[in-house]
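Q: Here is how the chains run, residue by residue.
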Amino acid sequence: MTELAGTRKSGGKLDMQSEPVILNIGPSHPATHATLRFVAELDGETILTLTPEFGYLHRCFEKESENATWTQVIPYTDRLNYVSALMNNVGYVMAVEKLCGIEVTERCKYIRVLICELSRIIDHMVCIGTNMVDLGALTNFWYFWKPREEVYMHLIEPLTGTRLTNQYTRIGGLQWDLPEGWVEKCRDICRNVVLPAIADVNALLTKNRIFIERTMGAGPITAREAIARGFTGPCLRAAGVPFDLRKDQTYLVYDRFDFDVPIGGNGDTCDRYMVRMEEMRQSVRIIEQALDRLPGGPVNIDDTRYILPDKQLVYTNIEALMQHFKFIMEGIKVPAGEVYSATEAANGELGYYIVSKGGGGPYKIKVRPPCFPLFQGMPHLCEGQMIADLVAVLGSVNIIAGELDR
Amino acid sequence: MAGQTDSMVLNRLIEKFGDAVISTHSGFGDETALVRRERIVEICAFLRDDPDLLFDMAMDLTGVDYLGETPRFEVVYHLYSLAKKHRVRIKVRLHEEDPTIDSVIPVWVGMDWFEREAYDMYGIVFRNHPNLKRILLYEGFVGHPLRKDYPKAKRQPTVGPEE
Numbered sequence: 042m043t044e045l046a047g048t049r050k051s052g053g054k055l056d057m058q059s060e061p062v063i064l065n066i067g068p069s070h071p072a073t074h075a076t077l078r079f080v081a082e083l084d085g086e087t088i089l090t091l092t093p094e095f096g097y098l099h100r101c102f103e104k105e106s107e108n109a110t111w112t113q114v115i116p117y118t119d120r121l122n123y124v125s126a127l128m129n130n131v132g133y134v135m136a137v138e139k140l141c142g143i144e145v146t147e148r149c150k151y152i153r154v155l156i157c158e159l160s161r162i163i164d165h166m167v168c169i170g171t172n173m174v175d176l177g178a179l180t181n182f183w184y185f186w187k188p189r190e191e192v193y194m195h196l197i198e199p200l201t202g203t204r205l206t207n208q209y210t211r212i213g214g215l216q217w218d219l220p221e222g223w224v225e226k227c228r229d230i231c232r233n234v235v236l237p238a239i240a241d242v243n244a245l246l247t248k249n250r251i252f253i254e255r256t257m258g259a260g261p262i263t264a265r266e267a268i269a270r271g272f273t274g275p276c277l278r279a280a281g282v283p284f285d286l287r288k289d290q291t292y293l294v295y296d297r298f299d300f301d302v303p304i305g306g307n308g309d310t311c312d313r314y315m316v317r318m319e320e321m322r323q324s325v326r327i328i329e330q331a332l333d334r335l336p337g338g339p340v341n342i343d344d345t346r347y348i349l350p351d352k353q354l355v356y357t358n359i360e361a362l363m364q365h366f367k368f369i370m371e372g373i374k375v376p377a378g379e380v381y382s383a384t385e386a387a388n389g390e391l392g393y394y395i396v397s398k399g400g401g402g403p404y405k406i407k408v409r410p411p412c413f414p415l416f417q418g419m420p421h422l423c424e425g426q427m428i429a430d431l432v433a434v435l436g437s438v439n440i441i442a443g444e445l446d447r
Numbered sequence: 026m027a028g029q030t031d032s033m034v035l036n037r038l039i040e041k042f043g044d045a046v047i048s049t050h051s052g053f054g055d056e057t058a059l060v061r062r063e064r065i066v067e068i069c070a071f072l073r074d075d076p077d078l079l080f081d082m083a084m085d086l087t088g089v090d091y092l093g094e095t096p097r098f099e100v101v102y103h104l105y106s107l108a109k110k111h112r113v114r115i116k117v118r119l120h121e122e123d124p125t126i127d128s129v130i131p132v133w134v135g136m137d138w139f140e141r142e143a144y145d146m147y148g149i150v151f152r153n154h155p156n157l158k159r160i161l162l163y164e165g166f167v168g169h170p171l172r173k174d175y176p177k178a179k180r181q182p183t184v185g186p187e188e
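Heads up: the protein sequence lines correspond to chains A and L, in order. Quick note: the first sequence uses the working numbering, first residue 42, plus one each step. Quick note: the second sequence uses the working numbering, first residue 26, plus one each step.
Derived by calculation from the structure, the hints in this document are not laboratory data. Glycine is no exception: its CB is placed at the ideal position from the N, C-alpha and C atoms. Please note that a few of the clues may not be correct.
Some, not all, of what chain L presents toward chain A, calculated at C-beta under 7 Å [as the list claims (entries may be wrong)]: (1) Gly52; (2) Asp55; (3) Asp85; (4) Thr87; (5) Val89; (6) Leu119; (7) Trp138; (8) Pro170; (9) Leu171.
Please put together the full structure from these sequences, using the hints given.
A: The structure is reproduced here in structure tokens:
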């Protein structure tokens, strides 16, 4: 049996005189978790060729942005990776701040680290949870969905007022400061909800023979191939490349925290799972350190060119009212120029290339979504593998159609 | 030919390619070189293989439409080196009448879809691309929507899949 599978893999051709079967998967399929489509050419159960197709969720993010003010783009970024929306917010405002030469306050930097790491945890929880559902392990899904909801309900909702589309960051700061009791709640949830959930799923899966045999060797990639294909994030690290922007081109205050970058060896589904599990633990470490050292002070810079005037002043002072009006109607003034700013999002490098001509809105915004090269790599990961592994691999590379299609 | 700069990467590029590097800047900390389109593949291969540069990852590729300027289009490459931990931006200007450029897939295989997207959105044609067709939009879509002269509110009927 193994020998037969081997000949099929190496040749990529039919080993019997028969026509290949064309199987259409998606765009609406429970395992795609979004509108993605594959056309697979099959020999028995082996994938000969795989053609991914997408764009069903394309909603002209970049075109819309060219017709919006700098601040109006922030809500659009929520819809990119809607599983960890706060990270897109942070990535975008950091790009604009780079263009404006703004240095945000210490407290703002720490809060941004906190929300990024919380987002990374819930993003990985969704990824592993849904990946396991697709493989028939429903329990893990519930074990991870509950802490995810607790993070949303007790931390992100009180902080931002919304659940999924947070739009919490602002150019030069944040929408507002942390609510009262948030720090204690965050510590409590990390310690008593997130870590036990990781331990539970770890106990259910990591040494589970069925899981290991199902995922080991499914969709492997070598480090060399992963680099050439532009893989970043957990998928690249699972292939053994310790590339993490938080360490390699550090931003915010990540250089002040003690954390490790886990790597795998085979770049297969099992390694991607292992890397994500460890990353969640490391994120908790970062959060705990950030909470311990969270400085006081304002969250917004003291610069009326970028930050809305105080509401009380707007109602009582004509200059502040005019400023508020111009700010909303014309947008903030960003100098002409171009920047590329990258952050380590949950799926890999999230890059924003922004061109400004000095107006109140962007001339061009290009998002480099981490999913895009990952999805491009799907045929490489799956060809020669069994069709049932497609579902396992797709879940483990964590394709989010919101950022893939933009 | 561009003059000497403070950046090792840009100096290396100017040293090697001389006249093919039209201009450079390091605005906002992003090192940028505008190069001639005829030598893009050669330049990219050099950037990837030179032991001082080692840009093994092509992170992003996109087009920009500077409507009203000549040349009108720009193709922008963002590169990263895992070993050296540095970045560079390479830009090429393309004329409206002939928006074609050689594909860099032979250098970085991962640029395949990025080039398709630039074709889809801006109509930039990548020569020697093995499968240059629309990627986010459907076959049968008319025009290239991220061009500045494509009206934002324009609607087109969606058509079914090609037979």
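Q: Could you run down the list of hints and mark each one as holding or not?
A: We went through each hint and held it up to the structure:
1. Gly52: holds, 5 Å
2. Asp55: Interface hint status for Asp55(L): holds (6 Å vs cutoff 7 Å).
3. Asp85: holds, 4 Å
4. Thr87: holds, 4 Å
5. Val89: holds, 5 Å
6. Leu119: violated, 15 Å
7. Trp138: Hint holds; Trp138(L) Cβ to chain A Cβ min 5 Å, cut 7 Å.
8. Pro170: holds, 6 Å
9. Leu171: Holds - the Cβ of Leu171(L) comes within 7 Å of chain A, reaching about 6 Å at its closest.
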